[in-house]
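Student: Join the two chains into one complex using the hints; note that each chain is given alone, in its own frame.
If you're matching them up, the sequences are chains A and B in order. Per this note's numbering, numbering through the first sequence is continuous, rising by one, with the last residue being 154. Per this note's numbering, numbering through the second sequence is continuous, rising by one, with the last residue being 298.
A portion of the hints provided could be inaccurate.
Which residues of chain B face chain A? A few of them, derived with a C-beta cut under 8 Å, are [to be verified]:
hint: 1; residue: Met-78
hint: 2; residue: Glu-80
hint: 3; residue: Ile-83
hint: 4; residue: Ala-84
hint: 5; residue: Asn-87
hint: 6; residue: Trp-184
hint: 7; residue: Glu-187
hint: 8; residue: Arg-191
Think about it this way: if two alpha-carbon atoms lie no more than 25 Å apart in a straight line, the pair counts; the simulated PhoX-like pairs of lysine-lysine are [to be verified]:
hint: 9; chain 1: A; residue 1: Lys-75; chain 2: B; residue 2: Lys-176
hint: 10; chain 1: B; residue 1: Lys-173; chain 2: A; residue 2: Lys-75
hint: 11; chain 1: B; residue 1: Lys-176; chain 2: B; residue 2: Lys-248
hint: 12; chain 1: B; residue 1: Lys-140; chain 2: B; residue 2: Lys-176
If you are wondering where the hints come from, they were derived from the structure by calculation, not from laboratory data. All C-beta atoms in this analysis are idealised placements derived from N, C-alpha and C, irrespective of residue type, glycine included.
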Amino acid sequence: MGKRGSAGLCRKEKQKAGGLKTKTMNNNEPLWEVFIRSKQGLDHKHVGSLHAADAQMAIENARDVYTRRMEGVSIWVVESKYVHSSNPDEAASLYDPANDKIYRHPTFYNLPDELKYM
Amino acid sequence: MQNDLFTYTLHLADNNLLMGHRLSEWTGHGPMLEQDIAISNIALDLIGQSRNFYQYAATLRKDSATEDSLAYLRDTREFKNLLIAEIPNGDWAKTIMKLFLFSTWQFYLFQQLINSSDKQLAEIAEKSLKEVTYHVRWSSEWVIRLGDGTEESNKRIKAALEEVWPFTGEMFLPTEYEKSLLNTHVSVNVSDIRNSWNSKVKLVLEEATLEYPENKNTWMNTGGKNGVHTEHLGYMLAEMQFLQRAYPGCEW
Numbered sequence: 037m038g039k040r041g042s043a044g045l046c047r048k049e050k051q052k053a054g055g056l057k058t059k060t061m062n063n064n065e066p067l068w069e070v071f072i073r074s075k076q077g078l079d080h081k082h083v084g085s086l087h088a089a090d091a092q093m094a095i096e097n098a099r100d101v102y103t104r105r106m107e108g109v110s111i112w113v114v115e116s117k118y119v120h121s122s123n124p125d126e127a128a129s130l131y132d133p134a135n136d137k138i139y140r141h142p143t144f145y146n147l148p149d150e151l152k153y154m
Numbered sequence: 047m048q049n050d051l052f053t054y055t056l057h058l059a060d061n062n063l064l065m066g067h068r069l070s071e072w073t074g075h076g077p078m079l080e081q082d083i084a085i086s087n088i089a090l091d092l093i094g095q096s097r098n099f100y101q102y103a104a105t106l107r108k109d110s111a112t113e114d115s116l117a118y119l120r121d122t123r124e125f126k127n128l129l130i131a132e133i134p135n136g137d138w139a140k141t142i143m144k145l146f147l148f149s150t151w152q153f154y155l156f157q158q159l160i161n162s163s164d165k166q167l168a169e170i171a172e173k174s175l176k177e178v179t180y181h182v183r184w185s186s187e188w189v190i191r192l193g194d195g196t197e198e199s200n201k202r203i204k205a206a207l208e209e210v211w212p213f214t215g216e217m218f219l220p221t222e223y224e225k226s227l228l229n230t231h232v233s234v235n236v237s238d239i240r241n242s243w244n245s246k247v248k249l250v251l252e253e254a255t256l257e258y259p260e261n262k263n264t265w266m267n268t269g270g271k272n273g274v275h276t277e278h279l280g281y282m283l284a285e286m287q288f289l290q291r292a293y294p295g296c297e298w
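Isolated chain B (complex conformation) (with noise of 0.2 Å):
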């Protein structure tokens, strides 16, 4: 039961950091000294917010660990993020389709989470909303805005729709954790906001006049709530991690 809610506690941390760093890969990269700004600012608030999910993991152990110890410690099978939050960002519409799809639904599971019965989740949780909120209303202008502007962005946007799709579906699959985690009433049953995501994805998508997909049989990605995860975590831990695992305990 402990170990469940330090490793659902993970995931949640684990969500945010990967998807934070690879939004953080755009600074200094930005199309334009705005976007390069925001989406910063939008790293940042992810980064923050899996500090505070880190740290009262750390609590949840025994053991010397910290939020850095977690964060930079532990290798890729012990990550339990989604997988569209380590999948890499490809150009500016797959960065903020991943965005996009990713923040409507963390909206969804924060708005449950903080009815949580663990008090520390639901705080993180109900601080974390606000700055989500902005997230999901940032990412679906651009979705918009690209689905409905010139003829390559609609381009680009559908191309990363497809791409980005087949990541979407082990949002809403819980695993053994989350489900021992519902009797207490500490976890957010996933499968329970899927229909709030869908509606609200499929509204933005037929604004930026995207089709979306619906009725296709699509193939979707799993495993990285249990630790599988595809082949670029791997080299992002690296890059993230070298510093640590190079110079044990450096600060600066």
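The following block holds chain A by itself, in its conformation from the complex (with noise of 0.2 Å):
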């Protein structure tokens, strides 16, 4: 299950997108998740990672990589290392059994109109 962490999934991604990267890059430093808030975002969304050499360096590669078109207004980095992921193959027996819990949907109740970010 470890295996098969985020980190994985990440750098398979990024040989993906980037060729340059492959060739160019120092294997030697660790892989950084980023999430990036927006100005009208209230939460960080995963926005991709980079490789860094400490958090430091993580955020301005961040800042330098991912918020050059004003994408966002504050920075989290975590080392991939530190995101456990759920295992694909058990999605059957994880999220399959809310499909008929209609009644879990927030559609039923009649909300006020004060209450925000529903």
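Tutor: Now the structure itself:
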């Protein structure tokens, strides 16, 4: 299970995305997952990953790679090895049971107008 | 007076154009994709700033000068940049050291220039200062990382400091055109920003475990601000200006 962690998946994604990367990359540096909060957003969203020697460098790299077009006002980085993911092979047992539980959706409730962010 | 303002604005523009062009030489050659993008971003910041200065300089002329003609159709003697902006990149460490010493200087310069009596210069300085603040932060981090890194990185950044240091002297030597603009509070008295620059550089070098070259009686290269350049500028301009020289007025 651990071996299927998102770090492995991300690395695969990255190789697809950037040929240059695989050519010049220094593989000694750990991989980091980057989360950016946009001006309007309330949450930090995962935008991709990058290599950096430490957290400071990861934030600077994220700033230079992922916020060039005014995408964000706040950056989180976390080393990919600390991200644990669910096993795709278990998707059926994990997610399918929710399929017929329509009553869990809030569409059956009337929300007061003052309630924001639902 | 008007001519001094023109030359002073060119000095500011040329610093940025040449440092920016040098950094852009790393594009596609950075040690890692992330750093490749980072240094290209900074190159673009600097070239963007130089455009603002050139556009302003062009308006100070009665002739048909444009930002492009100022950048692409002047010869070496007419360039007024600091020598540190034109010397070759060398390895990553030397590029970082150049950028760090230059950006720190630029930071204190622009911090004063925002008070200039010349509105245009003040505004360009204000806009640029945010970018320069990041350049200082980014390059400081790298100086520290290399200095306090491995034996190899320490060796390289140490060599870089020795090589680039003799180009820092002229940053604080005012030229005639800078002096003549002091009375009207247009230019910055560069000898005044030396102390701030020294303390910041000292702080970063200390953290990088590098020795501040304080007591060395180093001979300093000068001349760039008055149009007397190293041999490297000619080659740089040849590459930068080739297209406009070969195909005058060419656009794409």
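Student: Each hint: holds or not?
Tutor: Hints and how they fare:
| no. | hint | in the structure |
| --- | --- | --- |
| 1 | Met-78 | holds, 5 Å |
| 2 | Glu-80 | holds, 4 Å |
| 3 | Ile-83 | holds, 5 Å |
| 4 | Ala-84 | holds, 4 Å |
| 5 | Asn-87 | holds, 5 Å |
| 6 | Trp-184 | holds, 6 Å |
| 7 | Glu-187 | holds, 6 Å |
| 8 | Arg-191 | holds, 7 Å |
| 9 | Lys-75/A to Lys-176/B | holds, 19 Å |
| 10 | Lys-173/B to Lys-75/A | holds, 21 Å |
| 11 | Lys-176/B to Lys-248/B | holds, 22 Å |
| 12 | Lys-140/B to Lys-176/B | holds, 24 Å |
In terms of the numbered hints stated before, the structure departs from none.
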